[in-house]
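As given, the protein sequences belong to chains A and B, one line each in that order.
Going by numbering that gives the first Met the number 0, the residue at position 68 of the first sequence is 67; the numbering climbs one at a time, nothing skipped.
Going by numbering that gives the first Met the number 0, the residue at position 17 of the second sequence is 16; the numbering climbs one at a time, nothing skipped.
Because the hints were derived from the structure by calculation, they are not lab data.
Honestly, I wouldn't trust all of these hints.
[Stated by the list, open to error] Short derived list, chain B residues pointing at chain A, Cβ under 7 Å:
| no. | residue |
| --- | --- |
| 1 | S1 |
| 2 | S7 |
| 3 | I35 |
| 4 | S46 |
| 5 | V52 |
| 6 | A57 |
| 7 | V62 |
| 8 | L64 |
| 9 | L92 |
| 10 | V98 |
[Unchecked claim] In the SDA-like style, the derived pairs of lysine to any residue whose C-alpha atoms are separated by at most 25 Å in a straight line are:
| no. | chain 1 | residue 1 | chain 2 | residue 2 |
| --- | --- | --- | --- | --- |
| 11 | B | K10 | A | E77 |
| 12 | B | K11 | A | T69 |
| 13 | B | K10 | A | A68 |
| 14 | A | K11 | B | A68 |
| 15 | A | K10 | B | K11 |
| 16 | B | K11 | A | F16 |
| 17 | B | K10 | A | D93 |
| 18 | A | K11 | B | G30 |
| 19 | A | K10 | B | G66 |
| 20 | B | K10 | A | V62 |
| 21 | B | K11 | A | G17 |
| 22 | B | K32 | A | L92 |
| 23 | A | K11 | B | G66 |
| 24 | B | K11 | A | H59 |
| 25 | B | K10 | A | N5 |
| 26 | B | K10 | A | T69 |
| 27 | A | K32 | B | A48 |
| 28 | B | K10 | A | G66 |
| 29 | B | K10 | A | V6 |
| 30 | A | K10 | B | A68 |
| 31 | B | K11 | A | E67 |
| 32 | B | K10 | A | E67 |
| 33 | B | K11 | A | A68 |
| 34 | B | K32 | A | F16 |
| 35 | B | K10 | A | L92 |
| 36 | A | K10 | B | S7 |
| 37 | B | K11 | A | G66 |
| 38 | A | K11 | B | Y15 |
| 39 | A | K11 | B | G75 |
| 40 | A | K32 | B | T24 |
Virtual Cβ for every residue (Gly too), placed ideally from N, Cα, C.
Protein chains: 2
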Amino acid sequence: MSQFDNVSVVKKANVYFGGQCVSHTVLLPDGSKKSIGVILPSQLTFSTAAPEVMEVIAGHCRVRLKGEATSKDYRGGESFSVPGNSSFEIETLDALHYVCHFG
Amino acid sequence: MSQFDNVSVVKKANVYFGGQCVSHTVLLPDGSKKSIGVILPSQLTFSTAAPEVMEVIAGHCRVRLKGEATSKDYRGGESFSVPGNSSFEIETLDALHYVCHFG
Chain A
0 MSQFDNVSVV KKANVYFGGQ CVSHTVLLPD GSKKSIGVIL PSQLTFSTAA
50 PEVMEVIAGH CRVRLKGEAT SKDYRGGESF SVPGNSSFEI ETLDALHYVC
100 HFG
Chain B
0 MSQFDNVSVV KKANVYFGGQ CVSHTVLLPD GSKKSIGVIL PSQLTFSTAA
50 PEVMEVIAGH CRVRLKGEAT SKDYRGGESF SVPGNSSFEI ETLDALHYVC
100 HFG
């Protein structure tokens, strides 16, 4: 599914790391919240409050979860899970398009 | 209105100018299409196919329409119109959040 239907979307974006990550918040009819965004080529560390699932829509990234020794590659169609109150390092070589599922 | 309700939103973003502009496409129930996005601090020239109205949600920009001698400033809550098959130069000093209305 290339789009969300019957949702609300917040007009103002979330801009992180000086614009290396730009996302918009999407609210689903069931009350759940997601964000859709782009990470530009960079190496960043994101912290989590709630657990989240990062679904890669397009692009390619290398991810190392906090506490893990090795990193793992993810491409379009793949996802990775991050625990709450944790963090992950992500390296992107081209624009990474993602959907972040919370909770 | 800070959000669009009852819309579809395309998961994959549009990335322009190496990421200086990132937008997502929003489809309204009446069939019209808009894009919501961010322009990072930069000086860019955008070309238009269809006429468009750029609504500034937050931030500050200076715009010069093709064929005009002077530029004009726009801030959150303000809009400017661009004819079809034309272009405009836009300078942003902080992240500019916008909604682009087509047609």
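Pairwise hint evaluation, H59/A against K11/B, where the allowed Cα distance is 25 Å at most: It holds: about 14 Å lies between the C-alpha atoms, which stays within 25 Å.
Distance restraint between K11/B and G66/A, which requires alpha-carbon spacing of 25 Å or less: violated (30 Å)
Hint consistency between K10/B and L92/A [alpha-carbon to alpha-carbon, up to 25 Å]: Holds - the C-alpha atoms of L92/A and K10/B are around 20 Å apart, at most 25 Å.
Agreement of hint L92/B with chain A interface, Cβ distance less than 7 Å: The hint is violated - L92/B has no Cβ within 7 Å of chain A, the shortest such distance being about 13 Å.
Holds or violated: K10/B to T69/A, with C-alpha atoms at most 25 Å apart: violated (29 Å)
Pairwise hint evaluation, G66/B against K10/A, where the allowed Cα distance is 25 Å at most: Between K10/A and G66/B the Cα gap is close to 30 Å, so the pair fails against 25 Å, i.e. violated.
Pair hint outcome, K10/B versus N5/A [Cα-Cα no greater than 25 Å]: Distance ~13 Å between K10/B and N5/A Cα, so the pair holds.
Interface restraint verdict for V98/B against chain A (beta-carbon cut-off 7 Å): holds (6 Å)
Agreement of K10/B and V6/A with the hint, judged by alpha carbon distance not exceeding 25 Å: holds (12 Å)
Pair hint outcome, K11/A versus Y15/B [Cα-Cα no greater than 25 Å]: holds (18 Å)
25 Å Cα cutoff - pair K32/A, A48/B: violated (34 Å)
Agreement of K10/B and E67/A with the hint, judged by alpha carbon distance not exceeding 25 Å: Status violated; Cα separation ~29 Å.
Going down the numbered hints, you'll see the structure goes against 4, 5, 7, 8, 9, 12, 13, 14, 19, 22, 23, 26, 27, 28, 30, 31, 32, 33, 34 and 37, while the others check out.
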